[in-house]
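Same order as they appear, the protein sequences are chains L and V.
Under our numbering, the residue at position 24 of the first sequence is numbered 24, and the numbers go up by one with no gaps.
Under our numbering, the residue at position 70 of the second sequence is numbered 70, and the numbers go up by one with no gaps.
Worth double-checking, as some hints may not be accurate.
Chain L stretches covered by chain V per the calculated footprint, using a threshold of three residues with CB under 8 Å from any CB of chain V [unchecked claim]:
1. 44-53
2. 84-97
Cross-link-like lysine to any residue pairs, in silico, SDA-like; alpha carbons within 25 Å at most [claimed, not checked]:
3. L:K74 / L:L11
4. V:K63 / L:I2
5. V:K59 / L:Q45
6. L:K39 / V:S76
7. L:K39 / V:Q5
8. V:K67 / V:R19
FYI, nobody ran anything at the bench for these hints, they're computed from the structure.
Backbone N, C-alpha and C define an ideal beta-carbon position, used for all residues, glycine too.
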Amino acid sequence: DIQMTQSPASLSASLGETVTIECRTSEDIHNALAWYQQKPGRSPQLLIYNANSFHTGVPSRFSGSGSGTQYSLKINSLQSEDVASYFCQQYYDYPLTFGSGTKLEI
Amino acid sequence: QVQLQQSGAELVKPGSSVRISCKASGYTFTSYDMHWIKQQPGNGLEWIGWIYPGNGHAKYNQKFSEKATLTADKSSSTAYMQLSSLTSEDSAVYFCARDYSGSNWFTYWGQGTLVTVSS
Numbered sequence: 001d002i003q004m005t006q007s008p009a010s011l012s013a014s015l016g017e018t019v020t021i022e023c024r025t026s027e028d029i030h031n032a033l034a035w036y037q038q039k040p041g042r043s044p045q046l047l048i049y050n051a052n053s054f055h056t057g058v059p060s061r062f063s064g065s066g067s068g069t070q071y072s073l074k075i076n077s078l079q080s081e082d083v084a085s086y087f088c089q090q091y092y093d094y095p096l097t098f099g100s101g102t103k104l105e106i
Numbered sequence: 001q002v003q004l005q006q007s008g009a010e011l012v013k014p015g016s017s018v019r020i021s022c023k024a025s026g027y028t029f030t031s032y033d034m035h036w037i038k039q040q041p042g043n044g045l046e047w048i049g050w051i052y053p054g055n056g057h058a059k060y061n062q063k064f065s066e067k068a069t070l071t072a073d074k075s076s077s078t079a080y081m082q083l084s085s086l087t088s089e090d091s092a093v094y095f096c097a098r099d100y101s102g103s104n105w106f107t108y109w110g111q112g113t114l115v116t117v118s119s
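The whole structure should be built from the sequences, with the hints applied where relevant.
This is the structure we're talking about:
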């Protein structure tokens, strides 16, 4: 199985700041990576796919980058509605696997 | 618009089985894989498997191959997941999710079904 190492586990930042969440994979996944946002008590919502492609309706302050085994999600100009947990997911190989999540607090 | 409506919370006894449903609407049910994902409280996400309702073919995460059985009813556009021989480790929220044309990233999610295993 492809192992996903996501960091940090939790993050506290101020409104307007920029934060970055990292996801490292145990082998090259050739950009087959998605990012999801999950607000408390809700289901996850797709933000980014193919490492850097925006899902419809996602604010432009979210961006994804990376290649090989190292990927990141950047959130610019933090807003109060960005309080959530964020997960990465690889779909390069089965079984599909997720990072352990990053809990973002404002 | 695409909607995935899951069945309600379940309280079940250890050793029993439970079946969760996921009713799809707003798209052609038989044309897209339906995935199932497990989330334990405070924990991350685990992929259980997918089913292609068009022909009933399913693919499982080996970890769940003896725990979960995925089926689909084309007539009602409903996907099902049965979990057997339940233990406390199966207590979790279970999501159904549809991918984008076989992409294996999840574009649409159900609201989740909480399964609690307790005597």
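Tested hints:
| no. | hint | in the structure |
| --- | --- | --- |
| 1 | 44-53 | holds (count 4) |
| 2 | 84-97 | holds (count 7) |
| 3 | L:K74 / L:L11 | holds (13 Å) |
| 4 | V:K63 / L:I2 | holds (14 Å) |
| 5 | V:K59 / L:Q45 | holds (23 Å) |
| 6 | L:K39 / V:S76 | violated (30 Å) |
| 7 | L:K39 / V:Q5 | holds (18 Å) |
| 8 | V:K67 / V:R19 | holds (12 Å) |
Consistency with the previously given hints fails for number 6 only.
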